Every structure is written in structure tokens, then in C-alpha cells.
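Colleague: Per the numbering used here, the sequence shown starts with residue -5, numbered consecutively.
None of these hints come from the bench; they were simulated from the model.
Note that this is a predicted model, so its numbers are computed, not measured.
Any given hint could be a false lead.
[To be verified] Here are the simulated distance ranges between beta carbons:
hint, residue 1, residue 2, range
1, LEU1, TYR34, 30 to 36 Å
2, LEU18, ASP82, 31 to 37 Å
3, ASN70, GLY2, 25 to 31 Å
4, GLU19, ARG69, 17 to 23 Å
5, GLY7, ASP66, 25 to 31 Å
6, SER61, SER22, 24 to 30 Å
7, GLY2, ASP60, 18 to 24 Å
8, SER61, LEU18, 24 to 30 Å
9, ASP17, ASN70, 31 to 37 Å
10, SER13, GLY83, 26 to 32 Å
11, ASN70, ALA23, 26 to 32 Å
12, LEU84, TYR9, 29 to 35 Å
13, GLU19, ASN46, 25 to 31 Å
For glycine and all other residues, C-beta sits at the position ideal for the given N, C-alpha and C.
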Amino acid sequence: DLIVVELGDGIVGSYSVDSILKDLEIKSAVSCFVFCASDYIGVIGGVAVLKNLGIEVGVIAGSVTDSQMGEDFVRNEFGLSAGNARRDGLRLFELINFSKQKELAFA
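Put together the whole structure using the sequences plus the hints.
Modeller: Below, the structure written as C-alpha cells:
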């Protein structure tokens, strides 16, 4: 089984996404965190905010990866995988690490 969760418009602000990201039970069930950013600053800020929340980003996607230059930036500056769903969706899917299979059970 595969569950994909899209958390909306931002990891900061009044969207309450941070309350989900801080939930230890939910975090423990995540196999791979894919962060979508629109530009280089979004990658820099997003990776930093998520690191402060104890979340390791597995893959960067979004419009920052619309060009090979963006993918190269992510790989060279952060050592992270990067892929673009529009240019090569299969490759992006293959970058996601499914090896940490986890289950989430609510009591």
C-alpha cells in the first residue's frame, strides 16, 4: 500500500501544517518526505524549517526542478535527490525511498 499526503500551501504560517509535521506518531510512519519548492530560496528555507522540525527531506520536486540546473543545485548544495514530475514522472517516483516501509496504527 502507498499513501501520499499533500499538505497544501505552506509549512509555515496559519495553515496548521506544522502541527501535523510535529506529530510524532505521524512522523514515525513516513517513509519518504518529498518537498516541493518553487525556487532556490524555497529549497533553502524549506529544508531548514523541516530540519528544525526533525524531518529529513528525501527528495526535492516542484518547479525548482523544471530545469536540469535546478536539479543540479539541489544535488550539489544539499546532497539530495531531485526530480520533476512533468519532465520525468517515472524517474521522480523511482527516487522516492520506499525501503523504510512503516505502518501507522491509531489506538
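Colleague: Give a verdict on every hint.
Modeller: Status of each hint after checking the structure:
1. LEU1 with TYR34: 30 to 36 Å: violated (21 Å)
2. LEU18 with ASP82: 31 to 37 Å: holds (34 Å)
3. ASN70 with GLY2: 25 to 31 Å: For GLY2 against ASN70, whose Cβ atoms are near 29 Å apart, the range 25 to 31 Å holds.
4. GLU19 with ARG69: 17 to 23 Å: Roughly 32 Å apart at Cβ, these two residues miss the hinted range, so it is violated.
5. GLY7 with ASP66: 25 to 31 Å: holds (30 Å)
6. SER61 with SER22: 24 to 30 Å: violated (35 Å)
7. GLY2 with ASP60: 18 to 24 Å: For ASP60 against GLY2, whose Cβ atoms are near 21 Å apart, the range 18 to 24 Å holds.
8. SER61 with LEU18: 24 to 30 Å: violated (37 Å)
9. ASP17 with ASN70: 31 to 37 Å: holds (33 Å)
10. SER13 with GLY83: 26 to 32 Å: Cβ of SER13 to Cβ of GLY83: about 30 Å, so the range 26 to 32 Å holds.
11. ASN70 with ALA23: 26 to 32 Å: Hint holds: Cβ distance 31 Å, inside 26 to 32 Å.
12. LEU84 with TYR9: 29 to 35 Å: holds (31 Å)
13. GLU19 with ASN46: 25 to 31 Å: violated (19 Å)
Checked against the numbered hints above, the structure violates hints 1, 4, 6, 8, 13; every other hint is satisfied.
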